[in-house]
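Using our numbering, read the sequence shown as starting at 1 and increasing by one per residue.
By construction, these hints were calculated from the structure, which means they are not laboratory data.
Since this is a predicted model, take the numbers as computed values, not measurements.
Each residue gets a CB set at the ideal place from its N, CA and C atoms; glycine is no exception.
One thing to keep in mind: the hints can contain errors.
Label pairs and their computed distance ranges (CB to CB) [stated by the list, open to error]:
hint : residue 1 : residue 2 : range
1    : 37        : 168       : 22 to 28 Å
2    : 172       : 121       : 20 to 26 Å
3    : 154       : 68        : 50 to 56 Å
4    : 84        : 175       : 24 to 30 Å
5    : 171       : 124       : 18 to 24 Å
6    : 45        : 92        : 28 to 34 Å
7    : 80        : 176       : 43 to 49 Å
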Amino acid sequence: MEDRCLMYSAMLTTSADMPPPSETTVVLVGVLIAPSVTGLGQLVLVAAAGAFAGDTAAYYLGRGTGNAVLNRIMRRERGIQAREWAQRQLERRGRLLIIFGRYVPGGRAATLATAGALGFSPSWFLPAEVVGVLLWGTQAALIGFIGGSTFQDQPLIGMAFSYGFVVLVVIGSAITHRIRHAGLTLRGRR
Numbered sequence: 001m002e003d004r005c006l007m008y009s010a011m012l013t014t015s016a017d018m019p020p021p022s023e024t025t026v027v028l029v030g031v032l033i034a035p036s037v038t039g040l041g042q043l044v045l046v047a048a049a050g051a052f053a054g055d056t057a058a059y060y061l062g063r064g065t066g067n068a069v070l071n072r073i074m075r076r077e078r079g080i081q082a083r084e085w086a087q088r089q090l091e092r093r094g095r096l097l098i099i100f101g102r103y104v105p106g107g108r109a110a111t112l113a114t115a116g117a118l119g120f121s122p123s124w125f126l127p128a129e130v131v132g133v134l135l136w137g138t139q140a141a142l143i144g145f146i147g148g149s150t151f152q153d154q155p156l157i158g159m160a161f162s163y164g165f166v167v168l169v170v171i172g173s174a175i176t177h178r179i180r181h182a183g184l185t186l187r188g189r190r
């Protein structure tokens with residue numbers, strides 16, 4: 001029990017930082033707690049709480065400081081592009097971006113801080129944020145849990161299996177993205 005508390009504490013600590021929450025940590029803990037379904041539920045809640053803490057900090061940073069600090073923080077070309085992308089997407093997609101923006105490289109911090117800076121209200125932001133962190137925590141924990149359950153006696157193989165799955169999903173997503181932006185479909189030109 002003490003080991004589990006230590007793992008949850010470490011996971012919560014790494015998840016509450018401003019860069020993307022450590023999915024690696026959540027997956028690792030998922031592998032280590034398998035096959036405990038009770039532990040899986042606890043892991044999802046702790047991961048979501050850590051992500052919520054970091055995300056709301058970014059949102060309130062943007063809300064409290066407005067555009068002045070964001071302009072200073074994101075003055076490099078890549079930061080400016082991420083913020084402009086986030087602003088356009090927030091205006092078009094709103095809450096869906098809060099929920100799923102964490103899966104876009106650089107999208108999480110830019111989206112959350114920009115939502116705050118643009119004055120999106122907490123009553124608009126917080127429900128979408130709760131859904132987003134619960135989905136994120138669930139998928140990360142399940143990836144590890146499945147690897148850990150499949151290879152119970154060999155946690156390193158469970159980790160390799162889990163990360164292999166993540167790598168395949170990322171590669172598949174990248175290929176799909178490249179095909180779409182090249183003006184192609186799987187059946188040929190559009």
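task = Could you see if the CB distance from residue 45 to residue 92 stays within 28 to 34 Å?
result = 32 Å, holds
query: Between residue 171 and residue 124, does the beta-carbon spacing fit 18 to 24 Å?
result: About 35 Å separates the Cβ atoms of residue 171 and residue 124, which means 18 to 24 Å is violated.
So does residue 37 sit 22 to 28 Å from residue 168, Cβ to Cβ? The hinted range 22 to 28 Å holds for residue 37 and residue 168, with Cβ atoms some 25 Å apart.
Worksheet item: Taking the CB of residue 84 and the CB of residue 175, does the distance hold inside 24 to 30 Å?
Response: 26 Å, holds
Holds or violated: the 50 to 56 Å window for the beta-carbon distance between residue 154 and residue 68? Since residue 154 and residue 68 have Cβ atoms about 52 Å apart, the given range 50 to 56 Å holds.
- Distance restraint evaluation - residue 172, residue 121, Cβ atoms, bounds 20 to 26 Å: 37 Å, violated
**Message:** Looking only at beta-carbon atoms, does the pair residue 80, residue 176 fall within the given range of 43 to 49 Å?
**Reply:** Roughly 27 Å apart at Cβ, these two residues miss the hinted range, so it is violated.
Against the hints set out earlier in the document, violations occur for numbers 2, 5 and 7.
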